[in-house]
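K.L.:
Sequences listed follow chains A and B, in order.
Here my numbering is used: the first residue of the first sequence is 1, the next is one more, and so on.
Here my numbering is used: the first residue of the second sequence is 1, the next is one more, and so on.
It should be emphasised that the hints constitute simulated quantities derived from the structure, not laboratory data.
Keep in mind that this is a model prediction, so the values were computed, not measured.
Careful, some of the hints might be misleading.
Stated by the list, open to error - Straight line, CA to CA, 27 Å or less: simulated DSSO-like cross-link-like pairs of lysine-lysine: (1) B/95 <-> A/354; (2) A/34 <-> B/347; (3) A/299 <-> B/140; (4) B/217 <-> A/55; (5) B/34 <-> A/213; (6) A/299 <-> B/354; (7) A/213 <-> B/354; (8) B/347 <-> B/20; (9) A/347 <-> B/55; (10) B/347 <-> A/354; (11) A/95 <-> B/347; (12) B/338 <-> A/338; (13) B/299 <-> A/129; (14) B/299 <-> A/34; (15) A/34 <-> B/213; (16) B/12 <-> A/354; (17) A/34 <-> B/217; (18) A/119 <-> B/299; (19) A/140 <-> B/9; (20) A/354 <-> B/140; (21) A/338 <-> B/129; (22) A/338 <-> B/95; (23) A/347 <-> B/140; (24) B/20 <-> A/347; (25) B/129 <-> A/95.
As the list claims (entries may be wrong) - Going by beta-carbon spacing under 8 Å, a handful of chain B positions derived as facing chain A: (26) 16; (27) 98; (28) 127; (29) 128.
Glycine residues also receive a C-beta, built at the ideal position from the N, C-alpha and C atoms.
2 protein chains.
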Amino acid sequence: MDIIKETAKRIKPVDRKLIKQAEEHLANLTKPVKSLGRLEDFAARIAAITNRIEKPVLTNKVIITMAADHGIASQGVSAYPKEVTPQMVYNFVNKGAAINVLARHAGVRVLVVDMGVDKDLSELAAQGKIIDKKIAYGTKDFSTGPAMTREQAVAAVTAGMELAENEIKNGAHIIGTGDMGIGNTTPASAIIAAFSGIAIPELTGRGTGIDDKTLEKKVRMIQTGLLLNHPNSKDPVDVLAKVGGFEIGGIAGVILACAANSIPVAVDGFISTAGALIAAELSPFAVEYMFASHKSQEKGHRYMLERLGLVPVLDMEMRLGEGTGAALAMTMLDASVKIYNEMATFKSAGVSEKTN
Amino acid sequence: MDIIKETAKRIKPVDRKLIKQAEEHLANLTKPVKSLGRLEDFAARIAAITNRIEKPVLTNKVIITMAADHGIASQGVSAYPKEVTPQMVYNFVNKGAAINVLARHAGVRVLVVDMGVDKDLSELAAQGKIIDKKIAYGTKDFSTGPAMTREQAVAAVTAGMELAENEIKNGAHIIGTGDMGIGNTTPASAIIAAFSGIAIPELTGRGTGIDDKTLEKKVRMIQTGLLLNHPNSKDPVDVLAKVGGFEIGGIAGVILACAANSIPVAVDGFISTAGALIAAELSPFAVEYMFASHKSQEKGHRYMLERLGLVPVLDMEMRLGEGTGAALAMTMLDASVKIYNEMATFKSAGVSEKTN
Numbered sequence: 001m002d003i004i005k006e007t008a009k010r011i012k013p014v015d016r017k018l019i020k021q022a023e024e025h026l027a028n029l030t031k032p033v034k035s036l037g038r039l040e041d042f043a044a045r046i047a048a049i050t051n052r053i054e055k056p057v058l059t060n061k062v063i064i065t066m067a068a069d070h071g072i073a074s075q076g077v078s079a080y081p082k083e084v085t086p087q088m089v090y091n092f093v094n095k096g097a098a099i100n101v102l103a104r105h106a107g108v109r110v111l112v113v114d115m116g117v118d119k120d121l122s123e124l125a126a127q128g129k130i131i132d133k134k135i136a137y138g139t140k141d142f143s144t145g146p147a148m149t150r151e152q153a154v155a156a157v158t159a160g161m162e163l164a165e166n167e168i169k170n171g172a173h174i175i176g177t178g179d180m181g182i183g184n185t186t187p188a189s190a191i192i193a194a195f196s197g198i199a200i201p202e203l204t205g206r207g208t209g210i211d212d213k214t215l216e217k218k219v220r221m222i223q224t225g226l227l228l229n230h231p232n233s234k235d236p237v238d239v240l241a242k243v244g245g246f247e248i249g250g251i252a253g254v255i256l257a258c259a260a261n262s263i264p265v266a267v268d269g270f271i272s273t274a275g276a277l278i279a280a281e282l283s284p285f286a287v288e289y290m291f292a293s294h295k296s297q298e299k300g301h302r303y304m305l306e307r308l309g310l311v312p313v314l315d316m317e318m319r320l321g322e323g324t325g326a327a328l329a330m331t332m333l334d335a336s337v338k339i340y341n342e343m344a345t346f347k348s349a350g351v352s353e354k355t356n
Numbered sequence: 001m002d003i004i005k006e007t008a009k010r011i012k013p014v015d016r017k018l019i020k021q022a023e024e025h026l027a028n029l030t031k032p033v034k035s036l037g038r039l040e041d042f043a044a045r046i047a048a049i050t051n052r053i054e055k056p057v058l059t060n061k062v063i064i065t066m067a068a069d070h071g072i073a074s075q076g077v078s079a080y081p082k083e084v085t086p087q088m089v090y091n092f093v094n095k096g097a098a099i100n101v102l103a104r105h106a107g108v109r110v111l112v113v114d115m116g117v118d119k120d121l122s123e124l125a126a127q128g129k130i131i132d133k134k135i136a137y138g139t140k141d142f143s144t145g146p147a148m149t150r151e152q153a154v155a156a157v158t159a160g161m162e163l164a165e166n167e168i169k170n171g172a173h174i175i176g177t178g179d180m181g182i183g184n185t186t187p188a189s190a191i192i193a194a195f196s197g198i199a200i201p202e203l204t205g206r207g208t209g210i211d212d213k214t215l216e217k218k219v220r221m222i223q224t225g226l227l228l229n230h231p232n233s234k235d236p237v238d239v240l241a242k243v244g245g246f247e248i249g250g251i252a253g254v255i256l257a258c259a260a261n262s263i264p265v266a267v268d269g270f271i272s273t274a275g276a277l278i279a280a281e282l283s284p285f286a287v288e289y290m291f292a293s294h295k296s297q298e299k300g301h302r303y304m305l306e307r308l309g310l311v312p313v314l315d316m317e318m319r320l321g322e323g324t325g326a327a328l329a330m331t332m333l334d335a336s337v338k339i340y341n342e343m344a345t346f347k348s349a350g351v352s353e354k355t356n
């Protein structure tokens, strides 16, 4: 826990003076002031976060896709059997999944991490194809007790921090988050419910595509889990332990490490934003380093984004996870930095400025 | 006019059966059905438009950026002097403008066209740096008479069609539209006003960033122009001639040619969508080939999109034109086609399918 607290304490607000300087640079480029809208906001924030006002860089990009299983899946809250979690890990390794395609499109590396898949994946780890940070073979069913111990929750967040720190040490300019875990919209909904107190049916969606009956059960399971475990909403690690998931803890750790090391982080969709909620509770300043990649179709996502005060980069009506939204959002962030670095100024191009 | 009518007549609705086949292909990929949302819609529509259900292709991409001047600019309706139109053409040629940066980012060629800049640019055309389709040295001030003759309007649309046909013949898989013309939000607002009858202040925005007084004048000029010239809203070429612009006519021509030749067209922002309105009036089926690239900050844009029934790909709060929105949107369309072509199927990856 000490390392989490220390990392959270290192996170400082982004320097407003630097943002202002970046905006001044953008105002000199050959376009009406602010006419590139949010693209300019992205670039200014990235330049300020990374303290590179002269020339922000976003070439070394990585998405950390964390996989884990969930005890609650045994209650039948998902449309897919839980074998799909390891099957999809193999799909990631074989480059056949959506995240592989979109990361390649965006010029982003993908790091696949076993945070707690309910299958022995040590062979893939031995071959260097995935990273082994397995906390356990899946969480426990939170409708009958806590999902994990406090020690496991701390270990999950710490593992995420370590992974991100390592990537940053090796030159990453931005990190995106991603997840894979059959059943994991259930803990994600439980987490926003625990923090916000909003009615559970409002926060609970159809995940991979469940029917009405399964949705009803999912809501009931979340209700049961919260009543039984009564997570302390003032203690984000307790919330993670009682109703969370290993990959969600890992994502929170990745986000904290990015913020502590002054690099931007592209938070994917619903599951990743649950991790972002935990990170933000540990350090409110962490939010200033986040880019909300997209608006998920999953019902509760907008409440998460509202709580964080983030406006999503994209709205593609997606609900896949894996980091797919983060990959797409990175193409926009990349574009924004290129605008910042590559456009001519009014002076250099000999273009007349505004008259009225 | 005959060639315009003939081209419009060649435009057929996109085959619903092909869209269905494309959706079936997408349903077999390793992700919950429809979980990539609009990305899947884009891919299915592109596959159907181009009749390449096996393997849609979007590698050869071009944005046609059309520049022209506007007589109405002499009334002081813009924040910038009209010399900026040719100055920006030089900026395009020297690769210093936003469209150059974003097209490079998106892997898109840019074709710069002089549709009617109020300056002799024949030297640039002779050097092969721009294409000369100049109709005249700017339109006439539509607050004192028609912007152009009917012959000029026909010539503008025809020029756009020829340019696009030529690009398609040379292998373009998708074309984006773009514009440059100081003062051109004024004719664009006038066009949507003429077609829709919506109150002019609702449709008239701040363009490059005009103040309240200038905005008031702009509204008055549009009012005057419509009353004086009374364009026939049933005759889109008449609307273009009375209150339009040469680049807007050219854009309409580009869109018609794309639709007639069964390739998708990425319509940029406010000015380009004014061109799209004219194209849609000439052939309602043309809309099925359009992708609305982004939601412009320019006030009247949403009325244009509503009229066309299009939902923009992106909302970056941009209002620059040049084709910048089209370039960014193409990165999303590109991503969608890669998903279609490159993902594993449930069968090939050995991933279990949905159970409930």
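K.L.:
Against the structure shown, which of the earlier numbered hints fail to hold, in ascending order?
P.N.:
2, 3, 4, 9, 10, 13, 16, 18, 19, 23, 24, 25, 26, 28 and 29
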